[in-house]
Amino acid sequence: MDELFAPPAYEWKRLSPAYLSLRRLTASITAPIVFTIPAVLVGVLTGRWWISALLWGVAAAIAIIRLILAERSWRSWGYLEREDDLYLTHGVLFRRLIAVPYGRMQLVEVESGPLERAFGLATVSLKTASPETNATVPGLTPEEAARLRDRLTELGEAHLSGL
Amino acid sequence: MSQSPAQEGSVHDITRTRSAPAVKQTERPHPLTPFVRGWIVFLAILFAVAREVVPDGNDQTGFSLSELSWVLPVAAFAVLFAGVAGFIGWYFTRFVIDEEELRVETGAIFKSSKKVPFERLQSVDIIQPLAARLFGLAELRLEAGAGDSAIKVRYLRRAKAAALREYLLTRAHGEKARVGDLGHLSASVLTDLTAADRPLVEVSPQRLIGSFLLSIEWFLSAGLGIMIVVVSSTFDMFALALPGLLPVVISTVSLISKRLVGMFNFTLAESPRGLRITRGLTNLTSQSVPIDRIQGVKISQPLLWKPVHWYRVDVDIVGYAHSDNEDNQSSATSVLLPVADESQVELAVGRVLPGFDLDGIELQRVPPRARWIRWFDFWTLRYGWNDRAITTEQGWISHERNIVPHAKTQSVRIAQGPLQRPLKLADVHIDTPKGPVHAVAQQLDARVARELALTQLDRARAARAAARSRVPIPAAGSELDADNDILAMFRIGRDQLLGSGGESEVFALDEQRVLRLYRRPHSASDRTVDQLRGLFASWERVEVGLEVPKIIEVGQRNGRFFTVDRRFSGQCMSPWLPHANLDERRKALTSFLDATERLHRLPSPVPGFARLVGDQAPRRFGSLGELAHSMLEEPVETSRAQLEQDLPTVGQVWSRLHADLAQRVVAPALVHGDVCPPNTYITLQGERWEVTGIGDFSPHTVNGDPMMDVTGAVAFLELEPYPEAASDSAWLEALAVQRGGPEVSHWIDVYRRFYGFYFSDSAGFDPALYAWCLRQLRR
Chain A
1 MDELFAPPAY EWKRLSPAYL SLRRLTASIT APIVFTIPAV LVGVLTGRWW ISALLWGVAA
61 AIAIIRLILA ERSWRSWGYL EREDDLYLTH GVLFRRLIAV PYGRMQLVEV ESGPLERAFG
121 LATVSLKTAS PETNATVPGL TPEEAARLRD RLTELGEAHL SGL
Chain B
1 MSQSPAQEGS VHDITRTRSA PAVKQTERPH PLTPFVRGWI VFLAILFAVA REVVPDGNDQ
61 TGFSLSELSW VLPVAAFAVL FAGVAGFIGW YFTRFVIDEE ELRVETGAIF KSSKKVPFER
121 LQSVDIIQPL AARLFGLAEL RLEAGAGDSA IKVRYLRRAK AAALREYLLT RAHGEKARVG
181 DLGHLSASVL TDLTAADRPL VEVSPQRLIG SFLLSIEWFL SAGLGIMIVV VSSTFDMFAL
241 ALPGLLPVVI STVSLISKRL VGMFNFTLAE SPRGLRITRG LTNLTSQSVP IDRIQGVKIS
301 QPLLWKPVHW YRVDVDIVGY AHSDNEDNQS SATSVLLPVA DESQVELAVG RVLPGFDLDG
361 IELQRVPPRA RWIRWFDFWT LRYGWNDRAI TTEQGWISHE RNIVPHAKTQ SVRIAQGPLQ
421 RPLKLADVHI DTPKGPVHAV AQQLDARVAR ELALTQLDRA RAARAAARSR VPIPAAGSEL
481 DADNDILAMF RIGRDQLLGS GGESEVFALD EQRVLRLYRR PHSASDRTVD QLRGLFASWE
541 RVEVGLEVPK IIEVGQRNGR FFTVDRRFSG QCMSPWLPHA NLDERRKALT SFLDATERLH
601 RLPSPVPGFA RLVGDQAPRR FGSLGELAHS MLEEPVETSR AQLEQDLPTV GQVWSRLHAD
661 LAQRVVAPAL VHGDVCPPNT YITLQGERWE VTGIGDFSPH TVNGDPMMDV TGAVAFLELE
721 PYPEAASDSA WLEALAVQRG GPEVSHWIDV YRRFYGFYFS DSAGFDPALY AWCLRQLRR
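Chains as they are written, first to last, in the working numbering: chain A, 1 to 163; chain B, 1 to 779.
Watch out, some of these pointers could steer you wrong.
Facing chain A, from chain B, some residues (calculated, C-beta under 7 angstroms) [claimed, not checked]:
| hint | residue |
| --- | --- |
| 1 | Q410 |
| 2 | R413 |
| 3 | A415 |
| 4 | Q416 |
| 5 | A426 |
| 6 | D427 |
| 7 | R464 |
Simulated from the structure, these hints should not be mistaken for laboratory data.
For every residue, glycine included, the Cβ atom is placed at its ideal position computed from N, Cα and C.
All chains, please: the whole structure from these sequences, using the hints.
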């Protein structure tokens, strides 16, 4: 990790290892599922199964690339609560460092979809008045998500300032 | 007004319904509403009928009754149907204004009710579509909170719409008012500015049209159209090109309607509640720009405007949900100035970001290696900041400058793409709410980017903290200039001066309102005003048979505070006294004492002994003695040396006063602290002059001993400059003693000494008052 995206102090808090498993799972099944439907359709309708095989090949390639990248992507995530701001970083190709002052947070949400729940994970997202802020921390354990939410809400109230 | 206890209940009720806002006020849309809303339908029907009825030149047969026979019933049915639908819609629509909110209730079968709580109201715009304008009607559009769509109140008579807007804006500022209170402000059919608005920038039609013809959008659409025509006609396929031409024509027409028709007569004006924009050729829109909700400013200049030095100014306004739609024709716009020259831009930006120096920011360039990515405009990229705002620049086809005040920074992002990484470049985004402003410092050196982002967070934090403590903006120019500026804003002159006191000057605005201008640009004024405003608001519902002040509006300009207050009915008592005969005076003074006693029934916001207004307020005290000590501390500190010189026994008087106060047993009540004829208003009621109002509540106002005000009424009368003042004061004291019993005489004596100390710091500016103080202390 280069200096530009280094944490402002201490170390980044990382996501739960379960999130890596989740990413690996989605990486390995999404592309094959998406490509299977057209592949089967083409095969059944035209009988040219070699096109289907090609499509499956592409799907496998995408899945493998995503599997390889999954770990880097997972490692790229980090968040950190400091006295006045929440810092967040992610991205492999397009890298981001987001800093949100607690006083600017308008909404803190904890979400957990069925797949996330199966892996024991939750997502915390926070909103400011700006639609561009887009600060979302996925892959947290439910306890950590609840802690982060409560902490952010508390800090948000303490720092609250009007628009 | 009779005040016998038995009648008080009924008096209370009657006056409440008269002076408090009606609990529920229901308005209907104007009866012409369905017609105005459906005028297109009517026009279409009319057109269809006319087509059938009127013979055109080629038609040899002319019109015949047989053709008409089927057209007429259909047309009649259509008219009837539209009419009934319109009537039903109108009949079931109601605008209800109650204590907390405005509701728009519609629907005959499916009832729907939209509510806007007053405190969530962000802006109120008046829109006059052409059809409505012809009938003198107007629509109100209310913005409430981010994300919600605007709520429309249509249509009302123009004057009523203007009055309602003022009412809603007053309520949105947390004050109470009646719709009728503000009814004299009316919009006109042409400009839609109310009387209190002062135009800052007016965009002339020539300049608007000129700017349009030089705009890039016009060149693109016109150029594309011409190209299609030329190319297609050279190849002789004009007919084939028509479908391609159509969208170009449509987009050009819509561009003209947005940029020219919608922005026609664009006027940026200053109103007592911030900036106001009025614009439009056919549809007239009047929109308020709440300055504290402005989140950022964008100044842009298309390439062709450069030689003529024209600029366009857009702003981000939080809560304007659709503000991305920059040229929206009839609803709220984020355009602050569609075209303006440098001095006008400076003026407008000065209003929007007070104290911000546009040219004072030192701009930094980006490293030359940025050319590998931004080869088309790397030389235009700039960024910089000062203590108030951060600004970024980019582009040459259309040069853009984005300015975001530090306090409005929502979040800060560093972003680096795959192309930027090997070059060690990065972008820094300063996020603002939805709108045209996008402040992005692009292609910075990675190290610089990181430093800019992290320091920007510190600057934003400092700015937010400063905004919370509400540091007033330092005064610009001399005090007199600031005064005249405010007076000009209200379109009055110094000749309207009604009176002046130690803290403020009061000017007449009209029959119902006065302007109160606070003297020094000291930081305590806004606090004092806030406290008084809260106090008066809490008295709004209480009827004690006396007019008390009401603050309608609060403002600040160049560091000077002003309020618009309700004007008292009747006249000031002080100049009346010398002209009245003994009998008139005695009756008025009796009523003066009544009024003084009634004051104590006003509720206090805090229980117990307390100071209610001023730097130290609200501050509570355990006993009357502590309250008195706190009140006397400051003036006596100033006057101690002088007092010791003029009155060697002052130390004894001081300890005697404290000993006396320690004996006093009394329930705390509201005390005006300065009940005197200059603060009192009297009205002729039948045969007698009666006191109908007491004003000028100030930092003297406390929760203390009601006897303080009785003493004030008696003792301050001595200061009135008419021969019989002393004898009237003695008579009034006798009356007070007669009413309250012999001990009243003792307490008046004690509080005379109290006031003797309280105003003893007046030696420097009011020798007569100081002499009076010495007399009290020598008693």
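B/A426 as an interface hint toward chain A, with CB separation required under 7 angstroms: For B/A426, the interface hint holds, since the closest Cβ of chain A sits about 6 angstroms away, which is under 7 angstroms.
Interface hint outcome for B/Q410 [beta carbon to chain A under 7 angstroms]: holds (4 angstroms)
Quick check on the hint: B/Q416 CB to chain A CB, less than 7 angstroms? Since chain A brings a Cβ to about 5 angstroms from B/Q416, closer than 7 angstroms, the hint holds.
Interface restraint verdict for B/R464 against chain A (beta-carbon cut-off 7 angstroms): This hint holds: B/R464 lies near chain A, its Cβ roughly 5 angstroms from the closest one there, short of 7 angstroms.
Using Cβ atoms only, decide whether B/R413 comes closer than 7 angstroms to chain A, and label the hint accordingly. At 5 angstroms from the nearest chain A Cβ, B/R413 passes the 7 angstroms test, so the hint holds.
When the nearest CB of chain A is found for B/D427, is that gap smaller than 7 angstroms? Interface hint status for B/D427: violated (10 angstroms vs cutoff 7 angstroms).
Hint status (Cβ of B/A415 to nearest Cβ of chain A, threshold 7 angstroms): holds (5 angstroms)
Figure legend: structure checked against the earlier numbered hints; the only hint not met is number 6.
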